[in-house]
Amino acid sequence: MEFFVRNVQKNEEKIKIFMKNIHIFGNLCYNQTIPTVRGDYVIKKEMIAMLLAGGQGSRLGVLTANVAKPAVAFGGKYRIIDFPLSNCINSGIDTVGVLTQYQPLQLNTHIGIGIPWDLDRNVGGVSILPPYEKSTSSEWYTGTANAIYQNLRYMEYYNPDYVLILGGDHIYKMDYEVMLDFHKANKADVTLATIPVPMEEASRFGVVITDDKKQIQEFEEKPEHPRSNLASMGIYIFSWPVLREALLKLKDQPSCDFGKHIIPYCHEKGDRIFAYEYNGYWKDVGTLGSYWESNMELIDLIPVFNLYEEYWKIYTKSERIPPQYIAPEAIVDKAIIGEAAEIYGEVHNSVIGPGVVVEPGAVIRDSIIMSATTIGAGTVVDKSIISENVSVGAGCKLGVGEEVPNKVKPDVYAFGLVTIGEESVIPDNVEIGKNTAISGETEASDYPGGKLAGGETLIKVGDR
Amino acid sequence: MRAIGIVLAGGNNSRMRELSNKRATAAMPIAGGFRSIDFVLSNMSNSHIQKVAVFTQYNAKSLNEHLNSSKWWDFGRKQGGLYIFTPTTTPENSYWYRGTADAMAQNLGFLKSSHEPYVVIASGDGVYKLDYNKVLEQHIAKKADFTVVTANVEEKDDPSRFGVIRTDSDGRIIEFEEKPINANSYQVSAGIYIVRRRLLIELIEKSQEEERHDFVKDILIRYKNVKKIYAYPMEEYWSNISSVDSYFRTNMEFLQKDIRDYFFKQYPDVYSKVEDLPPAKYNAGSSVKNSLVSSGCIVNGEVQDSILFKKVFVGNNCVIKNSIILNDVYIGDNTYIENCIVESRDTIRANTKYIGENNEIKIVVEKNERYAL
Numbered sequence: 001m002e003f004f005v006r007n008v009q010k011n012e013e014k015i016k017i018f019m020k021n022i023h024i025f026g027n028l029c030y031n032q033t034i035p036t037v038r039g040d041y042v043i044k045k046e047m048i049a050m051l052l053a054g055g056q057g058s059r060l061g062v063l064t065a066n067v068a069k070p071a072v073a074f075g076g077k078y079r080i081i082d083f084p085l086s087n088c089i090n091s092g093i094d095t096v097g098v099l100t101q102y103q104p105l106q107l108n109t110h111i112g113i114g115i116p117w118d119l120d121r122n123v124g125g126v127s128i129l130p131p132y133e134k135s136t137s138s139e140w141y142t143g144t145a146n147a148i149y150q151n152l153r154y155m156e157y158y159n160p161d162y163v164l165i166l167g168g169d170h171i172y173k174m175d176y177e178v179m180l181d182f183h184k185a186n187k188a189d190v191t192l193a194t195i196p197v198p199m200e201e202a203s204r205f206g207v208v209i210t211d212d213k214k215q216i217q218e219f220e221e222k223p224e225h226p227r228s229n230l231a232s233m234g235i236y237i238f239s240w241p242v243l244r245e246a247l248l249k250l251k252d253q254p255s256c257d258f259g260k261h262i263i264p265y266c267h268e269k270g271d272r273i274f275a276y277e278y279n280g281y282w283k284d285v286g287t288l289g290s291y292w293e294s295n296m297e298l299i300d301l302i303p304v305f306n307l308y309e310e311y312w313k314i315y316t317k318s319e320r321i322p323p324q325y326i327a328p329e330a331i332v333d334k335a336i337i338g339e340a341a342e343i344y345g346e347v348h349n350s351v352i353g354p355g356v357v358v359e360p361g362a363v364i365r366d367s368i369i370m371s372a373t374t375i376g377a378g379t380v381v382d383k384s385i386i387s388e389n390v391s392v393g394a395g396c397k398l399g400v401g402e403e404v405p406n407k408v409k410p411d412v413y414a415f416g417l418v419t420i421g422e423e424s425v426i427p428d429n430v431e432i433g434k435n436t437a438i439s440g441e442t443e444a445s446d447y448p449g450g451k452l453a454g455g456e457t458l459i460k461v462g463d464r
Numbered sequence: 465m466r467a468i469g470i471v472l473a474g475g476n477n478s479r480m481r482e483l484s485n486k487r488a489t490a491a492m493p494i495a496g497g498f499r500s501i502d503f504v505l506s507n508m509s510n511s512h513i514q515k516v517a518v519f520t521q522y523n524a525k526s527l528n529e530h531l532n533s534s535k536w537w538d539f540g541r542k543q544g545g546l547y548i549f550t551p552t553t554t555p556e557n558s559y560w561y562r563g564t565a566d567a568m569a570q571n572l573g574f575l576k577s578s579h580e581p582y583v584v585i586a587s588g589d590g591v592y593k594l595d596y597n598k599v600l601e602q603h604i605a606k607k608a609d610f611t612v613v614t615a616n617v618e619e620k621d622d623p624s625r626f627g628v629i630r631t632d633s634d635g636r637i638i639e640f641e642e643k644p645i646n647a648n649s650y651q652v653s654a655g656i657y658i659v660r661r662r663l664l665i666e667l668i669e670k671s672q673e674e675e676r677h678d679f680v681k682d683i684l685i686r687y688k689n690v691k692k693i694y695a696y697p698m699e700e701y702w703s704n705i706s707s708v709d710s711y712f713r714t715n716m717e718f719l720q721k722d723i724r725d726y727f728f729k730q731y732p733d734v735y736s737k738v739e740d741l742p743p744a745k746y747n748a749g750s751s752v753k754n755s756l757v758s759s760g761c762i763v764n765g766e767v768q769d770s771i772l773f774k775k776v777f778v779g780n781n782c783v784i785k786n787s788i789i790l791n792d793v794y795i796g797d798n799t800y801i802e803n804c805i806v807e808s809r810d811t812i813r814a815n816t817k818y819i820g821e822n823n824e825i826k827i828v829v830e831k832n833e834r835y836a837l
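Chains A and B, in that order, give the protein sequences. The first sequence begins at 1 in our numbering and counts up by one. The second sequence begins at 465 in our numbering and counts up by one.
With the rest of the complex left out, here is chain B (with noise of 0.2 Å):
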């Protein structure tokens, strides 16, 4: 591949509420036995990029320990490799990322260095699968200067919490407007750029001269009218996860059996860090219906329309319905939890209960005492 990657991972976003103050959005659980950057990282690999830099600021304690390694993602090579950057203190700079064109500024020896033609520029919160050599294709073809992966949203999705795009009919981008009040388009952007690595660096330093540091609206939307920016309309599955109904039901589409097959039995993979938990157990009187469970789950009571993420102990006479328990939960006995996303290494009491009403999706921290089991 004739592009090095660059991964947008430092971002906080309020619309998950208590589930991001523990992580960084890339580093959300997701499917049971993912986390949200494993779908961007496995589609670099996939794709042949060998050189990646992840740029995370915001609570990166998960993050980093998801990424302890890069072989995980067949990275680290000895052409390549998978860069973590972190903003650090200098005698030019004292700043934290003051936006995603600011992080790319701070690094800018990690483009300048590369000698690869092109970038791609990706969120770690999207769930998808892409091969970014099509989209790269597609730029080289259109003589563009940017290009611009968009998605189809439905009305449920809120496209006002996305880039909002409108093409002509060449697919050149003429409106592209961030987070609109009303949004007048279904077409938004996914957070996936492709841009030549000397363009990228010349933009880069002018904005960096003009104090502007944000890399879609002091690049891409600034330059819209003079630089030919393309969209590359993405037909297959692609979610965002940023607020907490999305990342709901993002994971709930796993129950279908087509969005399965389609992330975990079509070539190629999704990759994520082995975590070697034994298979998951189910004892005497365990009850499970429609639902997911991953590795290192003992399941002694009632699971339905749930999913269950790594080492999750369900207790005796449990039920849970229609929730989200993340890594390494432990539920008591006769607890009842309905439309909820347990927080990852909570304790639940036993005999309690916790229900998510009026379509909200409670969520639930509990940081109580854990006895040995």
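Just chain A, with the same shape it has in the complex (with noise of 0.2 Å):
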């Protein structure tokens, strides 16, 4: 009995010290703001980067109708995400929030966990964050810099001391630890990553005036004299007390955007802001031109953007692994060709990706495919860009003719290039002309004639 008795009195001990640490962390959970405590335990991450990923790009047309811009494919197997992506692991960055709003699904499966790129982490690797609803108001991201106040609570989390601004459109590879080495060395709030443009495209850029420490004086968006030609890149980094206050500060700001709200505020307040020069290769792939060509600038010889280097590996999703096969009546020159395509026809001067088949007889020149695409036999295809998972039938004829400006966007579908969406299905038999879009599956009554003029646009399904 006795024995019982004690044992009831240590186990109400027990249960004291029980409701005792209950307390304590019921204290940890409601008092701090901040959930990266755990104890002694405090997540640290120096750097942490956030990538705006959900713009339309909608200068890229039928491409980025049913995808957003960052998840085009780009150069035989990438998608133009895995060169922001490949620089973070690259430069040593491993917490990386993707924010998204524009069609995710296909940049969503393509970064997954995030393993081709090594941000499969414990802590942190990388989050795909969309707009969400909250309990007091529910918004879409309404601009760059408000997309990143609404996940504050992302960043709060990794305790951050710099917080690097990223965005999902072009093509280079960056050490961004240069960058933040620099933004150290001057004590600097926030720096822009920088490039030189010749000085007669600089009224095209937003650009900064710095003094000769390379801090900046004023900025200039699109001047028509410029006087500097060092252009933004739209790439910052951001101490994070700094962004911290000026996002919490703009927070009423509709359309928060970094260039036209956030920086000004930060050099109204005395910040101090730094220009990082970039010297390397970066490409703006905005324009269906300049997406062209870049990709026919990797065909060269020794390609200015090498993606052949050990140095800086570029990763990407390899959905397929087996090799490519040329057949016996095939003809490749200049190209590169991704995995497991099949080419029995002409290739010439062009990017194909992975699980393309050309088709005997059909002829490829100066013209971007993309994956899992397929040329039916006898066509001939001049200066295209074909999206993925087309059907272009038998006997077709692309990019002919005179080049007229577009009729409904001349200003998207010009260069002279044929444009076709994803999933389209092009019939046997037609002929195409030169700035033209389509997207859908058609058929051959959609072509009067069996053709499709120059400026002509066919658009079967999606919203343009």
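These are calculated hints, taken from the structure and not from any lab test. Hints are not guaranteed to be accurate.
[What the hints assert, rightly or not] Restricting the straight-line Cα-Cα distance to at most 27 Å, the calculated cross-link-like pairs of lysine-lysine (BS3-like) are:
1. A:Lys397 / A:Lys407
2. B:Lys692 / B:Lys607
3. B:Lys607 / A:Lys334
4. B:Lys598 / B:Lys681
5. A:Lys317 / B:Lys691
6. B:Lys670 / B:Lys643
7. A:Lys317 / B:Lys542
8. A:Lys249 / A:Lys269
9. B:Lys753 / B:Lys721
10. B:Lys721 / A:Lys334
11. B:Lys753 / A:Lys383
12. A:Lys249 / A:Lys134
13. A:Lys317 / B:Lys535
14. A:Lys334 / B:Lys785
15. B:Lys753 / B:Lys826
16. B:Lys607 / B:Lys681
17. A:Lys397 / B:Lys753
18. A:Lys409 / A:Lys383
19. A:Lys313 / B:Lys737
20. A:Lys283 / A:Lys383
21. B:Lys729 / A:Lys317
22. A:Lys313 / B:Lys535
23. A:Lys173 / B:Lys737
24. B:Lys576 / B:Lys643
25. A:Lys173 / A:Lys213
26. A:Lys317 / B:Lys721
27. A:Lys313 / B:Lys607
28. B:Lys593 / A:Lys317
Dock the two chains into a complex; use the hints.
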């Protein structure tokens, strides 16, 4: 009996300790705004990256009808977002928030849990951050800085010293760690990555005017008479307290944008803003023309942007592993070709994606064919961009005739290109002119006289 | 799946000639992007076998490098995983694996601690696609003690290098002769076996006591009249690569569309370690006919009826005919290569000539210094 009572007393003591622990634990949970504290254990990442991947990229026309611009294929096997993601991991950044909004399915599938980029981590790694419903307000991402503001808690969780803001629409290899060293050496609050552009083109960019120590004195957005040729690349490093303060201060700013609101705010406030000068290859693939051009540059004997270097590898989700097959009757000269493609026809000066089938007698010239597309027998393709999973029939002629401006979107479908959106179907024996766009499952009846004249647009599904 | 998997990948074969110096047969590169062991591992993964042990012994460097993560084959789960068992010395044992049965005996704990009722044992040098569940279904239906998957080979495959099998009308194995002098049947063991786990443990323990160490000789053949051993005849493509001739032929068979489509376009997939190489690049002046080219290759010369594995550089004015160029080979300008297998990481000097003559495949091993490109 005595034994039993003692036991009960002991148990009561245990319960007391237990309750006390609950109390402490409760305090931790409810009093701390930053949920990173677990006893003495505090998550700490020196620099995290926020990658803005929500844009549509409307100047890419039907290529972005169903996918966000960062998910558009590039260079035979990559997608545009592979470049900033690979830059992150190669620069030692293992925590990346990817902000998505426009058509994110392809992007989500591509990124997954980040295995191809070694971004599957116990702490950190890649997180997809779509807009979400909140108890007080619910809104889409209305601007670049607004999107970052809506994910303040994500950043707080990692307790960073610096935050790197990236876009998902450029092709380049850049060591962000060097930029961070520059930021630290200058005791900067904000550092902008800049690239020297030819003076005559500087009026197309936002340029910065710096003193001899690279501290920024003035900003000019698309100036008529530029006083500097250092263009902003849309890549920023912020010291975390500076970014946090600015985002909170401007949280009610409609369509809050880094270039238009946050940077000018910091500048007015007297923050130390520096321009980091980057001198490597950097290509905006925002228009069909520049997209086509930068793909074609990869085919040069020694490309300016070299994917074959061991150093600074670009990673991607490789859906296919088997080798490509070049048939006895095939002719391939000057091309890059992805895995598991089967070439029975001719390929000249083109970029061919994984799993593409070029049937016998087909001729591909100066074109980009993305993954899993089939080009029918005897079809001639000149200067075209054909998206993924497209089926082009036999005996067609793409890119024929005179160059006529596109009737619907002359500024988008220009450069003499034929642009075909993903999962389109082109029937046999049709002729397609230049500056045209096609999307959807088209039939012979959609081509009066078996032709789509130059400058025409043929859209059967999708919102454009 | 109610089975665990064991992959026998410790072996080496003198018929592989110089190619075996560098790696175990299971690590031989196949069809441009794969290694031999990928086929058995993918089959196991696709058959939903979640727990797989790989026994390695002979030169496992390439193999270990290839198996550095189990995620490529979708293993590495909380339930199950990919285990690599290389021989280790313990207070009780200081031997290498003295045979396949000894390898299992030295890792009996793996068999004992599992709870799945069956074991699929397969060698790492077969090129095939097989759903082991179908074999297991037959195994259970026939109430068999062992099931041996068999394949039909032709005279050119040289049946005498395999275990040659004859069955009765019910499919029970009545004759099983390992590497006979004269093969009297074209039905051979594919090196894939299914057995109940408890029976396997029992027989392994018994063999160990009797100092018998080979799974085929000392268990299957020795017990074939006592236990019920059935054949599962495989109708689909099967090839074993453990000789230079069969290795060369198996690779070249991937130039046929039907073989490629069977392996690469029909579900399920064959998986492999992903190496993040850029797409293959063809420069002006290149001419490629009836060949397979893998990622990371740069071609400037002429390639015919050949297979270029990953990251091969072919210089200007080269001619490569009916050859296999393994991974990461640099071929200098004006070089002629015909009927050869060029060993991986070779550097072939410019203006050289290698020809395999009299129907013999020449194996080229050239360790020249490579200058940075």
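Results for each hint:
1. A:Lys397 / A:Lys407: The hint holds at about 21 Å.
2. B:Lys692 / B:Lys607: Between lysine 692 (chain B) and lysine 607 (chain B) the Cα gap is close to 8 Å, so the pair holds against 27 Å.
3. B:Lys607 / A:Lys334: Distance ~60 Å between lysine 607 (chain B) and lysine 334 (chain A) Cα, so the pair is violated.
4. B:Lys598 / B:Lys681: 26 Å, holds
5. A:Lys317 / B:Lys691: 49 Å, violated
6. B:Lys670 / B:Lys643: 25 Å, holds
7. A:Lys317 / B:Lys542: This hinted pair holds, its Cα atoms lying about 24 Å apart.
8. A:Lys249 / A:Lys269: 12 Å, holds
9. B:Lys753 / B:Lys721: With a Cα-Cα distance of about 14 Å, the restraint between lysine 753 (chain B) and lysine 721 (chain B) holds, given a limit of 27 Å.
10. B:Lys721 / A:Lys334: Measuring from Cα to Cα gives roughly 25 Å; hence the hint holds.
11. B:Lys753 / A:Lys383: 25 Å, holds
12. A:Lys249 / A:Lys134: 19 Å, holds
13. A:Lys317 / B:Lys535: Holds, at about 13 Å.
14. A:Lys334 / B:Lys785: Holds: lysine 334 (chain A) and lysine 785 (chain B) sit about 21 Å apart, inside 27 Å.
15. B:Lys753 / B:Lys826: Between lysine 753 (chain B) and lysine 826 (chain B) the Cα gap is close to 21 Å, so the pair holds against 27 Å.
16. B:Lys607 / B:Lys681: 22 Å, holds
17. A:Lys397 / B:Lys753: Judged against 27 Å, a Cα distance of about 25 Å means the pair holds.
18. A:Lys409 / A:Lys383: 19 Å, holds
19. A:Lys313 / B:Lys737: 16 Å, holds
20. A:Lys283 / A:Lys383: Status holds; Cα separation ~20 Å.
21. B:Lys729 / A:Lys317: Holds, at about 18 Å.
22. A:Lys313 / B:Lys535: 20 Å, holds
23. A:Lys173 / B:Lys737: 25 Å, holds
24. B:Lys576 / B:Lys643: 32 Å, violated
25. A:Lys173 / A:Lys213: OK: lysine 173 (chain A) and lysine 213 (chain A) at ~25 Å, within 27 Å.
26. A:Lys317 / B:Lys721: At roughly 26 Å apart (the allowed maximum being 27 Å), lysine 721 (chain B) and lysine 317 (chain A) satisfy the hint.
27. A:Lys313 / B:Lys607: 54 Å, violated
28. B:Lys593 / A:Lys317: 24 Å, holds
Hints 3, 5, 24 and 27, counting from the list given before, are not met by this structure.
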